[in-house]
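Note that the protein sequences, when read in sequence, are chains A and B.
First residue of the first sequence: -8, per the numbering used here; consecutive thereafter.
First residue of the second sequence: -8, per the numbering used here; consecutive thereafter.
Among the hints, a few may not be true.
Identical copies look the same in the list; a pair holds intra-copy or inter-copy alike.
Claimed, not checked - BS3-like, lysine-lysine: derived pairs with alpha carbons at most 27 angstroms apart:
#	residue 1	residue 2
1	Lys87	Lys106
2	Lys271	Lys285
3	Lys45	Lys278
Treat the hints as calculated values from the structure; they're not laboratory data.
2 protein chains.
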Amino acid sequence: MRILVTGGAGFIASNLTPRLLGAGHEVVAVDNLQLGTRAHIRPFLGNPQYTFWKLDLLDLPKVDELFTTHKPDLVWHLAANSDISFGTTYTDFDLKGGTLVTYNILESMRKHDVKRIVFSSSGAVYGEPLMLPTPEDYGPLWPISLYAASKLACEALISAFCFNYDMQAWIYRFGNIVGPNPTHGVSFDFVKKLLKDPRRLEILGDGTQTKPYVYVEDCIDGMAFGFQHAQDRVNCFNLAVEDWTSVRTIAEVTVATMGLSNVEFAFTGGSRGWTGDVPKVRLDTGKLTRLGWKPRLTSDEAIVQTADAIVAQMRAGWGKG
Amino acid sequence: MRILVTGGAGFIASNLTPRLLGAGHEVVAVDNLQLGTRAHIRPFLGNPQYTFWKLDLLDLPKVDELFTTHKPDLVWHLAANSDISFGTTYTDFDLKGGTLVTYNILESMRKHDVKRIVFSSSGAVYGEPLMLPTPEDYGPLWPISLYAASKLACEALISAFCFNYDMQAWIYRFGNIVGPNPTHGVSFDFVKKLLKDPRRLEILGDGTQTKPYVYVEDCIDGMAFGFQHAQDRVNCFNLAVEDWTSVRTIAEVTVATMGLSNVEFAFTGGSRGWTGDVPKVRLDTGKLTRLGWKPRLTSDEAIVQTADAIVAQMRAGWGKG
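I would like the entire structure built from these sequences, with the hints used as guidance.
As structure tokens, this is what we get:
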């Protein structure tokens, strides 16, 4: 099948693409290369099953041209701002890069009669819920970041398009996805900081934030599993693990993986890493596991494997250019 | 207090404005006059407490100028597309007139340090919920119209702005609001159609759709009551009545009010009036009534009073020019 992957040069797509190509699918990847990098797509260039478009998805006529050229069977919509704190400074960043981009994708799907979309949402849509772990049917939804507000707006648009134009959607509310080829995230930040200064590590917040970290291979497996096994009009799943890891533990793992010792942890303080950060996240994973899927790695294992992968990649000079 | 009323020439604002002016408030009304009409603002022009700006709220620099000129104490944000079916034909209509406009309002509030917003959302955000009557904390939220998707996106934006920039919001999820000075709605449509052809009335759907109809004075009272009595950061209330009225009953009331008889009801068929119509709406009103508020009119009474008012207004040639 021909699959359009948005955010095609990003972290998750860089891990998804070889899986899709390996399964015999044709991949049309699109990315504006603002957060995504050429290093992520380089391994696939030249593969006859693979096409890359450098494109800003805010440009609706260009998106229309993309759909005219490669009418896909499925859209795997991963493009988004992935830096939550950024959206607090630039208040239209997630509105444009999330909500408006998703509208453009959906409108192009409608015009070109493309019926299926897989979407990466976020557990952040729950805001700071009273119920932990939080199930998919939790309400009310009061997001506390503009990133999360945009994810909820995208979900709402997808739902309305599905009901009005006979489309079908698989929406995944992610925990924190980690693994090789990151463009952002706590492990990536820690390695970068420690390469610069191996004696002192600045840690946002007080280090007690705890979240479920999901290894990217598990994330991709979970998305594919839900797509294969759920056939409602709008299928929504938390995609996470049952356990969680603290930011302090991530710091300790990173330090150990790099072979460092006596690193001073300099906490910026406060329970949140940044404005809009949800310090304690627990996502109820029962809906997807009852369908038969299970992640292979726990949160702690995902953090350890991620630290290994990132340290190796950064030391090898990965991602430069 | 100085209150900015968006959608200031619309149906609800035309009923709200005299109340605000009567209570001694200063009203800055803004409207692009696409759905709102000059007839709605004419009674207030010349009142020194009242200012009207014809303005498209999509124009952020103009909105900024508005806030610079009249920094309000409170924003009463009513501006929106009110024709749900329209959004199915023009898929960016609610995105622009709802979501982007609300972003512009919130961003201007942030820049000008305006801290409080009252927002007219809709029970449509619940989509087709499994629980009737539907309470405010119901989930999941899968809107089935682009109108409802936009209302949910606006709520999400408001929530994120409140948490990030220390604002406070009162969000009301309306039932169907009816009363004099309509710009749209089923009673208004029926009267218009019957004035044109008093022998035959086209009714969208099969007439069995049942919804709670709220008289506009009750709607305004409810909003004011919640604003005075609820002090959470984000205060969200269903604003409806406990009973409901069928579309067939509305047709019968309208016919009787106009003194007609032997009118043929021509149903277009299907359970929905239009794509994205939710045929059976029941909103749990307990949260607001437990605070001490009660609507004065039932749904049926609201429909009768509305028919009386509209027929009188239309016969008097109201709204022309």
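Outcome of the hint check:
| no. | hint | in the structure |
| --- | --- | --- |
| 1 | Lys87 with Lys106 | both (23 angstroms within a copy, 24 angstroms between copies) |
| 2 | Lys271 with Lys285 | within (22 angstroms within a copy, 38 angstroms between copies) |
| 3 | Lys45 with Lys278 | neither (36 angstroms within a copy, 50 angstroms between copies) |
When each numbered hint is compared with the structure, a violation occurs for hint 3 only.
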